[in-house]
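Student: Sequence:
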Amino acid sequence: MNPVALLHALQAQVVRPPTAAAPPAADRPEALAYFRAPLLPPPPEEPEASAAEAFPAPTAMGIPVDLNLTTHHSLLVNSPIALKRVSITDTSVAQAVVVSPHQVLIQGRAPGEVSLLLWDADANARAYTIRVQLDPRPLQAELRRLFPASPVSVSASGDALVVSGTLPNAATAKRVLTVAGGFTPHVVNDLNVYQPSDPGQILLQVRFAEIDRSAVSQFGADLLSTGAGNTVGTIGTGQFGGATSVTAPAGSGSQSQSQSGGSSLTGKDAKIGLTDLLNVFLFRRDANLGVTLQALEQRNLLQILAEPNLVAMDGKEASFLAGGEFPFPVVQGQGAINNVTIQFKPFGVNLHFKPTILPDGTIDLQVSPEVSALDFSNALTVSGFLIPALSTRRASTELELRDGQSFVIAGLMDNRLTRNVSKIPGLGDIPILGKFFTSHNDNKTRTELMVVVTAHLVHASNTPPKPLKMVEPFLNPQKYDRNGGGL
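Position in the sequence shown counted from 1, then plus 154, gives you this note's numbering.
There's no promise every hint is true.
As the list claims (entries may be wrong) - Mimicking DSS-like on lysine-lysine, the simulated pairs with C-alpha atoms at most 30 Å apart in a straight line are:
no., residue 1, residue 2
1, 238, 328
2, 623, 589
3, 577, 589
4, 623, 598
5, 499, 470
I should point out that these hints are in silico values taken from the structure, not numbers from a laboratory. If you're wondering where the values come from, they're calculated on a predicted model, not measured in any experiment.
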């Protein structure tokens, strides 16, 4: 080809307007439809939730929403919008854990009531009341396992569990309450015990006996003067009658003197008998002084304090008191103004017992005997009042008995020692020789309380007892009625 012709051909190709090209992809929506199409159809569009619609609507009068929860369990709260802040009033009752911006986990820790506050990004808040109660399901399952024949229901009430139902006897009800006490210290007893037509009663025969093992010993020496001519004399107690004077034989030239409760003997031939005598004294006529030797010992054996017979229904408590009540003041108030009120404290022989008839017929007995007495040796003086102390011996036990069986509570000892010393001032303080001018009186009291209890089952009878009939009328009309032919 001619080079010139080739050059013209190339220029013509460059100058020729380009052919119509496809518009760019940005100007062709149908070209990008494939790439814009989602894999799944888009969800229907919903209007955006406002801040007021993000939380549950509050109830009337602004009362917050209530959420109930049991201890050791969790509750998940969902929010339609993102949360910014969470607050709970008492973390010891419930704890709030933020799981995600839209979820809050509430964990119950202890019985109680708290408030939960939630805020969103626009500072809109909603309040919830969370009530945490005990979970009654573990106790309910345990009672169904132990008492399958006794319908017992358990419900929660705050920090307590309410046990309700009707049981055949009081012993089963006591066992149910014992099991419930192992789950929580706060148990509300709503149990009813079925009362048969003849529930039976318990007769308790109690004997309070006091064994006195005391010994009163007295030993001493007293100086005395009986007048000239008296050498030996005696002193009696007065409980065996007046002492009789013993006079020397006639012609001895001596005289005898007698006094109430004692006698004196004179003369060399005078004789004395030691029967029922407490004291024997010797006297030197030339010195006009005498010495009295005292020796006394007393012993007692047994004394019945009380013999009560009490009847109580099954599961009911009975009490007995043989004694009295002594008043004592109680000072109330502060500062210079004090009010004194009088209260009374019982003393004497006291008995409390509560019997329960078990299904096998035995008697479960809770008994608390007590014997107390006023003790003025340890008395106190308060605001001018003398308040005695109480010497108390008390026992408490629970046991099972068959009908007619007895048991004894013994060993309640009371040991006391009282010593009274008498001496001549000055002479009684002399070492060694002062013993001859001193006398002492030792009173040792040792008593033992014994309680004998016998239980009997008694039942009421539908038949009234027959009236008693006298063998013979007190006044026989045939003998004493004039109209009947008598006198």
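Student: Against the structure, test the hints numbered earlier, and report the numbers of the ones violated in rising order.
Tutor: 1, 2, 4
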